[in-house]
Amino acid sequence: MELSGSEIVVQCLKDEGVEYVFGYPGGAVLHIYDAIFKQDDVKHILVRHEQGATHAADGYARATGRPGVALVTSGPGATNAVTGIATAYMDSIPMVVLTGQVPSPFIGSDAFQEVDTVGITRPCVKHNFLVKDVRDLAATFKKAFYIATSGRPGPVVIDIPKDITDPGVKIPYDYPEKISMRSYNPVTRGHTGQIKKAVDLIMAAKCPVVYSGGGVVLGNASESLIEIIRQLKLPITSTLMGLGAYPSSDKQFLGMLGMHGTYEANMAMHGTDVLIAIGARFDDRITGHVERFCPDAKIIHIDIDPSSISKNVRVDVPIVGAVDQVLQNMLKLLKDSKVEQDQDAIQQWWSQINKWREKQCLSYDKSGDTIKPQYALEVLHKVTNGDAYVCSDVGQHQMFTAQFYGFDKPRRWINSGGLGTMGFGLPSAMGVKMAHPDADVVVVTSEASIQMCIQELATCKQHSLPLKILMLNNGYMGMVRQWQEFFYESRYSHSTVESTPDFVKLAESYGHVGMRIERKEDLEQAMQKAFAMKDQLVFMDVVIDPEENVYPMIEAGKGHNEMYLSPESELV
Amino acid sequence: MRHIISILMENESGALSRVAGLFSARGYNIESLTVAPTEDPSLSRMTLVTRGSEEIIEQITKQLNKLVEIVKLLDLSEGLHIEREMMLVKIKAERANREEVKRLVEIFRGSIIDVTDTSYIVEMTGDGDKLDAFIRAVHEDLVVEVVRTGPSGIARGAKGLSL
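If you read the protein sequences in the order shown, they are chains Z and B.
Counting the first sequence from 1 gives a position; the working numbering is that position plus 481.
Counting the second sequence from 1 gives a position; the working numbering is that position plus 3.
Same shape as in the complex, but just chain Z (with noise of 0.2 Å):
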């Protein structure tokens, strides 16, 4: 089969299964939107900014676990696609940009949309390419897909120069089937020593607690995690990524730890003999202050990326490896292990547990007529039966859907937790609901976040994609404020949201539904209305109270066992 460079990307995206392809056109890369008009199998979905095209992606690949894929122009295509390739980097998703460059002879010569893709992009992706020889493409593809899915994943950007995708240049097709690379070559089978000295420390231990990670989650291993928390009896939290890889309904489960963790899982985290990492990677708005983190514990981390492990805490078993083969391994030793765990001292570090369970870290004054975020977040629990995908933005609302939404299953929760990148919400929903257009697809925001990236609503008219945005508007940068009430005095600098839109036209100018809920007693039966509207994108904006904190709080640099847990308390 000869194909032209265009057709080549195309056909490349096809030979790897792909959908959908979140992009925006430009000069550089008009040879290729040729060849993606002539064909129906990879469909382009035609997004409103760069930034909004690699979110998509994004969310798509945090959906389903297969990577998204976007493609931009040169230059400003290119730099406006970078917040959307750091947000994947950060947090592990798979996922391949294609930019387009100027033709290769002038390239350096500072020509018109010319930009230095591959340096720019060089510190956020796993790897990039620039396409020198048409020759090379589908090679290019095939490493690029791999390198991105495989081991600890993430971004990948292929940089194509308008000459290579030349429509008049007609070389032989051949997708390669299998690519090896000597350089590239990911650990996945965990050390078995390694393993037995990790097993034989937890069934020693009298504390034990695990510390889930959104590794657990990339990694396909949440029923494994389940198996092995169940038959222990172990105490389990986990970080903002890795929510939803344990059943946050579950006993065993404590919470989320760390900055806005719970009491619980904190305190455990604190008090713990024997903590057991997994797919985590010690992340600064987890451990607190590294001196002060898990005092008196032993402990295990299971990565599959080398370079996390000891990389922030030291560790005294680390195991490299993917975590659900790592978790099988786990499950077969211990089948075989003759210890047996000290079952007096787990059911009193249980009852340890409880009684700090008692604490209630995250009761809220329900008694007022505002609405409090996180009734808005329990009512969107119950409305969609705490089973749909949640998409938010980055604050205080993102906080509050980790601590009250309650995820069940793994891949319902995107967020951008890593890089915090607000704007994220509505663009990372578009590319979940093309993944299931059947699911509910919730996004949670702010009237500050949704605007960064408020350009979407456009997409979501034209390719019919009824989200669902749940809108919590306290006129704030809500996260800037409370960080400006703790440590500033109260000197709100610029946090204030000011001339927002009428939210409801606004919504109603794209095409959509808009909403504006300001009673408390009106919030549950608008929003049933709202999901009933299968068909249509619903925009509600709900006034809540503005003043409202994250509680429980440890200041960055603190101690798990330094929280405040209300305005009113003391340090606990």
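Note that these hints are calculated values from the structure, not bench results.
Positions of the beta carbon are idealized from the N, C-alpha and C atoms, including for glycine.
Nothing false has been slipped in among the hints.
Short, incomplete list of chain B residues facing chain Z, as computed with Cβ under 10 Å: (1) SER16; (2) GLY17; (3) GLY24; (4) ALA28; (5) GLN66; (6) VAL71.
Here are the in silico distance ranges between beta carbons for each label pair: (7) TYR969(Z) <-> ALA28(B): 28 to 36 Å; (8) LEU164(B) <-> SER590(Z): 34 to 42 Å; (9) SER945(Z) <-> THR41(B): 50 to 58 Å; (10) SER20(B) <-> GLN829(Z): 52 to 60 Å; (11) MET4(B) <-> SER590(Z): 40 to 48 Å; (12) ASP797(Z) <-> GLY82(B): 23 to 31 Å; (13) TYR973(Z) <-> VAL150(B): 53 to 61 Å.
For chain Z, the structure is supplied; the task is to place chain B on it using the hints.
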């Protein structure tokens, strides 16, 4: 602690900037870096000298290994190894000091590879200390220009760093 890391990497454009970028992005030091293709033109061999605590060096080697273009890597400081650096020095050599400079070069087993009425260019190989010592031995007023390659390193013994 000073560490000397030997790296075998794909000889592709951009590979070097990936290494350099990694060091600046993560705040590691590069003391010196030398790189050239090997007998297999598809591979380059790099010698990189850096400093840091054991934890930092561990992270550096792990992060380097993560780069897709890096094939193999060895921290030479973990075993017996040989380091050599090459230096070219342009030295003022006028009547009064011509003989003296020549004697010094002989003592340090360097060679004079360019001569004018008023100058020598000296080529010298050795470990960094030896080259430092030579520079100190020549009066500083006489040194016109110093060009050093930074060390290249190789592990002692029969085993090689290869594919």
